[in-house]
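Protein chains in written order, with full-length UniProt numbering: chain D, 1 to 446; chain C, 1 to 446.
Take the hints with a grain of salt, since some may be wrong.
No distinction is drawn between identical chains; accordingly, a pair holds when it is met within one copy or between any pair of copies.
Below, simulated BS3-like cross-link-like pairs (lysine-lysine); rule was C-alpha separation at most 30 Å, straight line [unchecked claim]: (1) 194 <-> 321; (2) 20 <-> 285; (3) 339 <-> 137; (4) 63 <-> 139; (5) 309 <-> 294; (6) 139 <-> 446; (7) 321 <-> 143; (8) 446 <-> 20; (9) 402 <-> 445; (10) 112 <-> 321; (11) 339 <-> 298; (12) 286 <-> 402; (13) 446 <-> 19.
No wet-lab data here; the hints were simulated from the structure.
Number of protein chains: 2
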Amino acid sequence: MLTNISTKGRQLKMSFSLKKGFTFGGWLPHLFPNMENIYPPLDTTISHSDEYWLFRTFLESMKNASISNPNPSVGCLIVKNNNIISSGCTESWGNRHAERVAFQNISAEDLKNSSVYITLEPCTHQGRQPPCSELFKNKDIGKVVVGCIDPNPVVSNQGIQSLINLGIGQTNFFLSNEIKAWNYPFFIQQQKNKLFIALKWAQSLDGCLADDNDGWQWISGEQSRTYAHWLRQKYDAIMVGIGTVLNDFPSLDIRNLNHINQRNPLKMIYDPEGKIFSCNEEQQKKLLQKTLQKGSHKIFIVDKNIFEKFRNSKQISIWQKNLLENNEIEFINYQGENKLNTAEYIIECLNENNSKILNFLGRPLQSIMIEGGHRLLSSFIQENHFDIMHIFTAPFFLGGEKHKLFSKVKRSYQDYSIKEVKNETRYHIAAQALLGEDNLLEIIKK
Amino acid sequence: MLTNISTKGRQLKMSFSLKKGFTFGGWLPHLFPNMENIYPPLDTTISHSDEYWLFRTFLESMKNASISNPNPSVGCLIVKNNNIISSGCTESWGNRHAERVAFQNISAEDLKNSSVYITLEPCTHQGRQPPCSELFKNKDIGKVVVGCIDPNPVVSNQGIQSLINLGIGQTNFFLSNEIKAWNYPFFIQQQKNKLFIALKWAQSLDGCLADDNDGWQWISGEQSRTYAHWLRQKYDAIMVGIGTVLNDFPSLDIRNLNHINQRNPLKMIYDPEGKIFSCNEEQQKKLLQKTLQKGSHKIFIVDKNIFEKFRNSKQISIWQKNLLENNEIEFINYQGENKLNTAEYIIECLNENNSKILNFLGRPLQSIMIEGGHRLLSSFIQENHFDIMHIFTAPFFLGGEKHKLFSKVKRSYQDYSIKEVKNETRYHIAAQALLGEDNLLEIIKK
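Pulled out of the complex, with its shape left as it was, chain D reads as follows:
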């Protein structure tokens, strides 16, 4: 039963492509059950291969999307005589991993000659939970099939090695890229030890993120918006600029989902000049109904000096006072003296204030999605501070000028020729899907 595989020196490739139907949001037909033309990545009429069960295990891993953050959302299935006898998915931070959930209430007799499928190798270290690798000892399990190597250097290759040492470990990397994509914030955090930053926007074919009349309309269609809401649920926080807030008054919550965990992300608003304090009454009303609605946590990123000015102002209005005292709204800024660019400033703010954020979020901040407007997105692109871009393109033209990327920011790209830009910015389209009338591209760095 011992599988002869080399577990040494396996590098996690940073550039990969996903099978049709998969995105960084998982297996698309899970979100869109009526999605046409998307078949499973294998012929499911050919019965019950390891690939088949790994695919089912992947679907299991999608159940606790976002609940498990900052842990990966792992799935585990126990299969006996071609039946699933138990299943599990990683619980919330500090609670049980997928294997431990699947093993609850399963007797030694049940496990005898069973096959266990796990999307990620079992942990081997004592963390907030005991090592999962211990679960497999002294059982009469037939085999354990692992779908992907863990990027955590404390675990990587050791989980699978411990199973091999027990004579029951196997690997099958049929869906390893897809598992990596599904847990991409976890993989990036493990490999780069940094906050995961996603950029998301919808644009017309000619690259407009909104029309020049500022009349608010969705650019992308219904399926795209559903997917975007799913991403909101998956990431820990979402951020928009105050310009977008005062133009659109977005709710920034999660709607239109069948699979809802009721886990709204933290709302973050980049408002360096504290424009929120000088809103007129009409704006205040809309804000309270939408973006600042009760029951959701909001973090404003402001400039230190401007914030102090507001706080110490003697002519403070009731609205300003309420904002400052509302215990669902937190104002944070960067205390350092360096002059920073926009994206850099935001990242330093988040790093400096992580205990406040932990308090609001209930767990460490692992991932954030920047949703607009075009100035904020352009800053993150130009400063190269991002890990993935989710770009929705709708099949029409707008012909405007005001809401294009790089249209109102320092144009550092203008110093480059195409050749230089191509060499400087090594991006890769890792996933693509047609969502309703729109095209989705998911682009990562090489």
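Once you've looked at the hints, dock chain C against the given chain D.
Quick look at chain C alone, frame taken from chain D:
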């Protein structure tokens, strides 16, 4: 053997999507034999169904790409005992159709109980060739499977009906959208009685068609360029603006193809002000080596008055004289008095001069591909004079301003809100493919 199908009232849907691996250029792995992850549209290990043979017939139909224009490029296979005993593809204009080619040198004994597969129903009328439907009479053929209905009203549904009347006709629309896409200029011409106009460009993620430094570099990668050359071969003519010519000196020929028919398209240059006549010596030299190279036909579209001025000028240079007398270069313009917009002007020019063009091309002009620059493309989009867009998007940003669509033309779109634009312009992404590092979208009208 009579198949009970209704052939009445079958509308040719104008909005459709293609199976993975298919584009309007056909089956992609035909162009890129090493293309990974693209499997045939059916399981070819399950032996020899009608779908399997229709797929093989489709591949046969790709052999005479562009040679058959303005006829559709149809494929025909004759199969007996699971072997192909004969095959054919439509020959050049005025010559034999696919069925007639496949039937040559095939005996009555061979045909007995054979299965015939055709991508398009056989013609039933006397044209430049006798009706193909006659071929099937008084033979002992087992069945004839037709993959798509002909859009030509003289033929539509009658070819298949004649086969049904013989007791051997069947339809199988498994690949009918793909067959329609492969012969899209023919279908549009039949349905709308107009010149087929394709737009093609490559852009960065932020919608730049070139960098602002005008330093010439390819935006798209090698696979995209191969596909673009394949499209050049497939369409009858390609057109660029004189600005692009004098900036890039493109060869506008066909390169980088394995499947080359040595059928260069007609080169057309939109040069309303006759800039070609005032080139300096350096430009003249480059033009003669590249865009105006010997052996290829070139048509310049100029303004009538400006052209007359040049022709009658007494200080005509040798270069100008050579241009005017070069029998590979034709200057055409619109003789009418109406003031027309750019795209409209070009289309009227082509309609007015179709006998000159026929003379250059050797057959009627059915299709043209507009390749740039951004001004010319923007005109065709704004005036709504196009049938398909082939858009290549490379995964990087340029951040420029000068080479974006609509950046230097009358901004009629600015009068619309997004909602209006969405309703006015009903486009549909009919095909999508990842070509190397780039994303290809093929967009048609609904």
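Hints and how they fare:
1. 194 <-> 321: Neither. Shortest intra-copy (35 Å) and inter-copy (68 Å) distances fail the 30 Å Cα cut-off.
2. 20 <-> 285: neither (45 Å within a copy, 49 Å between copies)
3. 339 <-> 137: For residue 339 and residue 137, the Cα distance exceeds 30 Å both inside one copy (56 Å) and across copies (86 Å).
4. 63 <-> 139: within (27 Å within a copy, 61 Å between copies)
5. 309 <-> 294: Answer is within; shortest intra-copy Cα gap is 26 Å, inter-copy 74 Å.
6. 139 <-> 446: neither (42 Å within a copy, 61 Å between copies)
7. 321 <-> 143: Neither: 62 Å inside a chain and 84 Å across chains, both beyond 30 Å.
8. 446 <-> 20: both (20 Å within a copy, 25 Å between copies)
9. 402 <-> 445: both (28 Å within a copy, 27 Å between copies)
10. 112 <-> 321: Cα proximity of residue 112 and residue 321: none, with 65 Å in one copy and 93 Å across.
11. 339 <-> 298: within (25 Å within a copy, 58 Å between copies)
12. 286 <-> 402: Close inside one copy (24 Å), not across copies (39 Å); limit 30 Å.
13. 446 <-> 19: Both. Shortest intra-copy (18 Å) and inter-copy (29 Å) distances satisfy the 30 Å Cα cut-off.
In summary, the structure is inconsistent with hints 1, 2, 3, 6, 7, 10 from the numbered list given earlier, while agreeing with the others.
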